[in-house]
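Q: One letter stands for each residue in the lines below.
There are 4 protein chains.
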Amino acid sequence: MCGIIGIFNNEDAAQLAALGLFAEQHRGQESCGMAVTDGNTITLRKRMGLVKEVFRQEKLEQLQGHIAIGHVRYPTRGSSTQFNSQPHVVETLSGPSYALSSNGDIVNYQELRKHLESLGVYFGSTNDGELLLKFIVYHVEKERMPITGAIRELMKHVKGAYSTVLTTKTKMYFFRDPYGFRPMSYGELSDGTMAVASESVALDILKPNWVKEVPPAGIVTVSDKGLHITENNANDYRSIEHNRHCIFEHIYFSRPDSFNFGQNVYKVRMKIGSLLARDDADLQADVVVPVPDSSNFIALGYSRESGIPFQLGLIRNHYVGRTFIKPQQTVRDESVSQKFNVLPNFYEGKRVILVDDSIVRGTTLHKIVHLLKEAGASEVHLRIGSPMVKYSCYYGIDTPDPQKLIANQKSLEEIREYTGADTLKYLSLEQLSKSVHHPEDYCSACFDGHYPVK
Amino acid sequence: MCGIIGIFNNEDAAQLAALGLFAEQHRGQESCGMAVTDGNTITLRKRMGLVKEVFRQEKLEQLQGHIAIGHVRYPTRGSSTQFNSQPHVVETLSGPSYALSSNGDIVNYQELRKHLESLGVYFGSTNDGELLLKFIVYHVEKERMPITGAIRELMKHVKGAYSTVLTTKTKMYFFRDPYGFRPMSYGELSDGTMAVASESVALDILKPNWVKEVPPAGIVTVSDKGLHITENNANDYRSIEHNRHCIFEHIYFSRPDSFNFGQNVYKVRMKIGSLLARDDADLQADVVVPVPDSSNFIALGYSRESGIPFQLGLIRNHYVGRTFIKPQQTVRDESVSQKFNVLPNFYEGKRVILVDDSIVRGTTLHKIVHLLKEAGASEVHLRIGSPMVKYSCYYGIDTPDPQKLIANQKSLEEIREYTGADTLKYLSLEQLSKSVHHPEDYCSACFDGHYPVK
Amino acid sequence: MCGIIGIFNNEDAAQLAALGLFAEQHRGQESCGMAVTDGNTITLRKRMGLVKEVFRQEKLEQLQGHIAIGHVRYPTRGSSTQFNSQPHVVETLSGPSYALSSNGDIVNYQELRKHLESLGVYFGSTNDGELLLKFIVYHVEKERMPITGAIRELMKHVKGAYSTVLTTKTKMYFFRDPYGFRPMSYGELSDGTMAVASESVALDILKPNWVKEVPPAGIVTVSDKGLHITENNANDYRSIEHNRHCIFEHIYFSRPDSFNFGQNVYKVRMKIGSLLARDDADLQADVVVPVPDSSNFIALGYSRESGIPFQLGLIRNHYVGRTFIKPQQTVRDESVSQKFNVLPNFYEGKRVILVDDSIVRGTTLHKIVHLLKEAGASEVHLRIGSPMVKYSCYYGIDTPDPQKLIANQKSLEEIREYTGADTLKYLSLEQLSKSVHHPEDYCSACFDGHYPVK
Amino acid sequence: MCGIIGIFNNEDAAQLAALGLFAEQHRGQESCGMAVTDGNTITLRKRMGLVKEVFRQEKLEQLQGHIAIGHVRYPTRGSSTQFNSQPHVVETLSGPSYALSSNGDIVNYQELRKHLESLGVYFGSTNDGELLLKFIVYHVEKERMPITGAIRELMKHVKGAYSTVLTTKTKMYFFRDPYGFRPMSYGELSDGTMAVASESVALDILKPNWVKEVPPAGIVTVSDKGLHITENNANDYRSIEHNRHCIFEHIYFSRPDSFNFGQNVYKVRMKIGSLLARDDADLQADVVVPVPDSSNFIALGYSRESGIPFQLGLIRNHYVGRTFIKPQQTVRDESVSQKFNVLPNFYEGKRVILVDDSIVRGTTLHKIVHLLKEAGASEVHLRIGSPMVKYSCYYGIDTPDPQKLIANQKSLEEIREYTGADTLKYLSLEQLSKSVHHPEDYCSACFDGHYPVK
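Keeping their order, the protein sequence lines are chains A, B, C and D. Mind the numbering: the first sequence is residues 1 to 454 in our numbering, read in order. Mind the numbering: the second sequence is residues 455 to 908 in our numbering, read in order. Mind the numbering: the third sequence is residues 909 to 1362 in our numbering, read in order. Mind the numbering: the fourth sequence is residues 1363 to 1816 in our numbering, read in order.
Same shape as in the complex, but just chain A (with noise of 0.2 Å):
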């Protein structure tokens, strides 16, 4: 998970990508990087940090230019070193200079990058924005392709997602590979600028006068002479004929007041909320509550469908970050004490419907269900707004070892169990295809195994 911006033709445009990162902040909490030009030079910054922390007004206004691309990383490839944050920057003597920031995940990274190596492309880091990059680069001042048919030559060759955001010293392109797995937006500001980003809330936050998604396996160049789209034909990319979205961007990562793939996030959410109630015809409850924030809008879509009260039943702190104090013996539990806490004199004797959704490891869950039957709840409900998650990602997704995926090692049952609920219940897969217009065009990977890109 990661988040990206671009800016062409401001004068502002460090300002204006800032803020733009900074609406994309919960895409990546764990470094961040701009790398601005002028027509001359390229200027790059990045750091270990928070968007609001690296990019203070004193330095934006060291990062002089027209054209500025931007990154948010959560550490997905490569460790957590300041070489590992995007955007990377290739800058050659013969002219051209280009940057790059990349959201998304390369399978076949390694085979790729041993392949540029014996063709002499070195590496500084093992992220895959560098590859992209360099593959782009090889294919222009090598083999002297055109940038747009340097970036097809990529979507031929490099398997995986990849929602791309490339800039020259006069030109800036953006692309999404075929299957479409990352969300890319692009707009025009009210004053002439262009814009894309990883999420439409972060041209939101530039006041565009529209906004369009990039298609799959759509190259669109930005220069002085406007906007040029190169739609391909995605199929010619694709093992498949559909679309391949990540089905967990409406359900968790993306926020809620963003349109992905088509719809409006808050409403898939609140969709696959309803769907989860009408399953539950039968259920006596007194009260549904969200794990916040990111299962609010499923609550409430079930609170709406069942006709059972809404209550923002527990309470986060959002100061939190990470977890904060390291456990010691005389704390227990504190890590999920430090992130939410339970409404006092709330819970005593009241049958809960509690929502998440979804279920990685089962710790967190664990806890809160301990959380609201310490607090006195008679029955604790657990209905979670995603199917089993049995399969890691390999496009984008920091997921952790089949192992260690509590669905891929233990039955529903066993799951209900661990949690301590009383009930638990899963979005099927059926009821999932429900929730979205196009059900083919999701990726389904981490629910089935079908992985779409080997």
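Hints should not be assumed to be uniformly reliable.
Said to hold, decoys possible - List time: in silico SDA-like cross-link candidates among lysine to any residue, alpha-carbon distance up to 20 Å:
no.: 1; chain 1: D; residue 1: 1629; chain 2: C; residue 2: 1171
no.: 2; chain 1: B; residue 1: 679; chain 2: B; residue 2: 465
no.: 3; chain 1: B; residue 1: 721; chain 2: A; residue 2: 402
no.: 4; chain 1: A; residue 1: 267; chain 2: A; residue 2: 304
Stated by the list, open to error - Computed beta-carbon distance windows for the label pairs:
no.: 5; chain 1: B; residue 1: 680; chain 2: C; residue 2: 1144; range: 55 to 61 Å
no.: 6; chain 1: B; residue 1: 518; chain 2: C; residue 2: 1144; range: 31 to 37 Å
no.: 7; chain 1: B; residue 1: 518; chain 2: D; residue 2: 1592; range: 44 to 50 Å
no.: 8; chain 1: C; residue 1: 956; chain 2: D; residue 2: 1426; range: 28 to 34 Å
no.: 9; chain 1: A; residue 1: 40; chain 2: C; residue 2: 946; range: 53 to 59 Å
no.: 10; chain 1: C; residue 1: 1325; chain 2: D; residue 2: 1587; range: 43 to 49 Å
no.: 11; chain 1: D; residue 1: 1771; chain 2: C; residue 2: 1099; range: 45 to 51 Å
No lab work stands behind these hints, which were simulated from the structure alone. Glycine included, each C-beta is placed from N, C-alpha and C at the ideal position.
Following the hints, complete the assembly by docking chains B, C and D onto the known chain A.
A: Using the frame of chain A, we list chains B, C and D on its own:
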């Protein structure tokens, strides 16, 4: 607005204090500090910054001792420097040492400080915590009073709000002003450790066996022999026979999961929402939307009473802290955009009941109503969970000068017009009195100018 | 050992004070600070670190005002925290504010602090500068003395060494203890600015028109009306009729280009070298080598007198500050190696006169003699530019406990043996008295234990 | 100007490398870095700042491994960013990893980089170390050469100065350009550890058993099997039959206690002083004063030969680093005042021989001569320990454009007039040739424009 913590008799005192401060971070993000004693020396650390930045694991490990007191600060009195942050410490060569943290504000600060200065007591800051500390130290060291006697003397002469914790190298004391302006709770942890905090949520994170509120004018002494409570008659120290709890602790400041002044904060908020709804019996609308997060429960209460659906129609960026990037020409109104975004494709043609907790200056609500209208809302009915704030607070809340309070300067209709709402209603003082159990025990100075302490 | 600075009546006061402190950096590298006033407020900045780190250009620009006092600190009394660094500030609500920096050490600190505490004056540090400041403030504010009267009162009661600068918002005062232990010079800059400093070199960098020394027990008041000198009779404030200048300011502490106690430091040092050489009339040797940099001029004086060639035979690494890397098994004696290296291919078969200014613990000289022998020196004759240091200093020099002073524990012959030198001679007290103009005006306590102030 | 270090086969490799870099700090204060390997991974740390700041104890402890290479940087090629600092690292997926540090400058950098870029090798910096590293990696990985073969290939094609250390995860290599522009020494420590450094002083601090210089065009391989030296015939790789050592390493750059190009630096400097003095047989003067510290030994040599007394008449502030506070109107010429102060009461009526090592722009000497005259010097005779510097250096010294070299623009008499000296003499090229053992082995390009490598 500040928050305090005290931990007695735990070898991880600093760790526990940090956890408590972390749970009170919403009460002050400017600076934080901690004084820890092992019985021999007092170690002090205080800095500008958030709890998780100032008290990283390696710093906590340097704060050895079994008693810790701490503070998070939202600036009220004194400028924003490290010297004005708390705790304050006085060490005497002749023996005893003292450290103190306080939440509140002293009305007769100038007079008391001049008096102490005339006695030879000098000050290194303009912070009221230092005043309280030196007042006590002077009466103990110079006037030979016992510490509890000095605190009683303080209650006689110091006018204003204070929920305060004081520690020596062996004993911890905490006390609360006779009016009970600010909340203060204490409890025993499962291992016998005693803890005190501004809000009960800071004790919740420490897994208490039991939690109680410190009574107005109450003094609690904690020593190796256990807890000793000096329950003074508050009326001996005040001009009226009732408490003066700050109603805004219920409406806005405290976390919804806190238990203050004998009531659950979230329940008061839901009741307020319910009272607002009863007054809107004839209002036709499609959705109830809170300004998150402070107004969530008020809006939930309104929705329950009215039957109009609740929706989280404004999405808040939780990374924002203060407004991140300062306004530029290119991006209009982005300070509110950085904080809030509307759910897309939601408002078109909808009649919206927008709920906020209060109006101070009115500028943010003006922008939010504008956002909703731009998003297509056909009507915006603004409902406020408190009466008109016409007067400044002198008891610990950082309200601006009366001239900057919109309700001090404009009529109801003028405010409605300024915000752009179609209708505007405030909670009346009479309604407010129904939202709490003992309305006579609350301060209403910011609404009606009846200051309990001059 | 510390250094002070004061600047009066210059709109770049903070800049000039920083330059002065920078020239006095050798007097203290642990922390530094500055208090600046523009007539209305006093702005304080003090931190651990070097002058050029703490007072970067952007920080200096925030220190606006026409009066600035500053301090560099070498830790003597009080632990190494920011709270113990200087200047100290007292602001009173009733009007006046005060800031103070001092160089020296107070012998009756405990007694005075206990007395002030019994009067209600409390302390935030264990630093003697805070004691001096609060002593004065108490007598001015409580006892209604004029400031110069309070300083005279201070001279009566405070035992020890102090060269001190005090400022209010409008006037600057500086004064020196009745014994004149530490140096203190003042002067007028070309543009009428008045400046005071511990050493004359700190004025040199400011291009003064003239420079004078502050007489022992002298008090200088600087105001808009100019300079007023209160030349108290020092004998009224001391038990002997002579000054007690610290001879080590000549031998070691002060920069060689300073003018202290009526004499050029470098000339005293050369004279000492000359006196040592006269005593070695029969000594055959090939080269005179100083332990750099403090002994350079002593060795030059020895070389001139004896005719034996001078050589910079030990090279000092000026980046060292304190010893950089702590000793490990793999690298023996590297603390001295980090600081000094021998000229290669130089010592083989040479008879070396090695000159150092003093011996405190003796460990460094032990290693240096060893280095020279390893490098091939056939003889090492160690000559010391001061008598045997047998007693601790209580007037501002950080000497260790007497048991750790090698000359307190061992005989001359034992010291020679420990160092590994072939011969060892100290400067005698009698010789030392010939190196200065008025030997009766110097303190010899560290040599003979005759402490002028108990 | 830069400095390098390499340590092989020591479990405290990072500690030893830091000590070595510390001893070479004078060769570059802008940034420093280190790459350490434990045989499995290479850990890199590089930052702007001094060695003792960047490599604090806790950071060194994180750099685990038995091979370490390091670098201190004085900026020559490439701008001042972390990305341009050294070492550079290339890791290949197929197996080997490489890290490299180099001192020198590549004349045909542009041409070589363009060539490598045309082969698909891309760059993340404009630093010549990265060029050398990728040149080698390309020839090893792509052209299948052994590493020593790739280094020989490098010697054929790379024009310029390089004293370079390269490490893989198991072997360390170091080599020097065929002209031997920059110094490079290696040795064995007492415990069998092998070490290499730019200057012998960096080995001295590690207590070596023996030290040798790397011959021009020499390649040394260090592995578990010990040391293997490939002594190439330098003439095979160069257009002339002599070395081209940089004479300024003797005159100015190297520490006086270093042994470079077969000679003791301090002895060359004393010889230069002696040669200058012989040419002044009839000059009557009272004192010889060096511009410290670089000219100390030249002045000592002059004094010995002439019999005119030596005096450290200018005192240098060793805390200065770069000029600390930027010039303001109020303080004239303070950039030189921050660095140097005259001995007070010394110069009055004296005829001074002022000795400096070289004149580049002449501005500092102009100010120093002025200082001496102001201090009362009746005559100032300026003597320079090198010929007129008329041409820029392209082999690792940061000389300005020829137009800014005063000797390129002005005649001897004009320079004398500009400096304000009464007489001015440079060392002649003929004299210079007498100061070293093999004058034919030195580069004189900056004096006569005869560049050995175009």
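Q: All hints, please: hold or fail.
A: Consistency of the hints with the structure:
A threshold of 20 Å between alpha carbons decides the hint, and for residue 1629 of chain D with residue 1171 of chain C the separation of about 36 Å lies outside it, so the pair is violated. A threshold of 20 Å between alpha carbons decides the hint, and for residue 679 of chain B with residue 465 of chain B the separation of about 17 Å falls inside it, so the pair holds. Restraint check for residue 721 of chain B and residue 402 of chain A: the C-alpha separation of about 43 Å exceeds 20 Å, so the hint is violated. The suggested pairing of residue 267 of chain A with residue 304 of chain A holds, with an alpha-carbon distance near 13 Å, which does not exceed 20 Å.
With their beta carbons about 59 Å apart, residue 680 of chain B and residue 1144 of chain C fall inside the hinted range of 55 to 61 Å. The beta-carbon spacing between residue 518 of chain B and residue 1144 of chain C, approximately 50 Å, falls outside the hinted interval of 31 to 37 Å. For residue 518 of chain B and residue 1592 of chain D, the Cβ-Cβ distance of about 58 Å falls outside the hinted range of 44 to 50 Å, so the restraint is violated. Distance hint for residue 956 of chain C and residue 1426 of chain D: a CB-CB separation of about 29 Å, consistent with the stated range 28 to 34 Å.
Checking the proposed 53 to 59 Å range against residue 40 of chain A and residue 946 of chain C shows it is violated: the Cβ atoms sit about 44 Å from each other. A hinted range of 43 to 49 Å for the beta carbons of residue 1325 of chain C and residue 1587 of chain D is consistent with their spacing of about 46 Å. For the pair residue 1771 of chain D and residue 1099 of chain C, the supplied restraint of 45 to 51 Å is violated, since their beta-carbon distance comes to about 35 Å.
Checked against the numbered hints above, the structure breaks hints 1, 3, 6, 7, 9, 11 and satisfies the rest.
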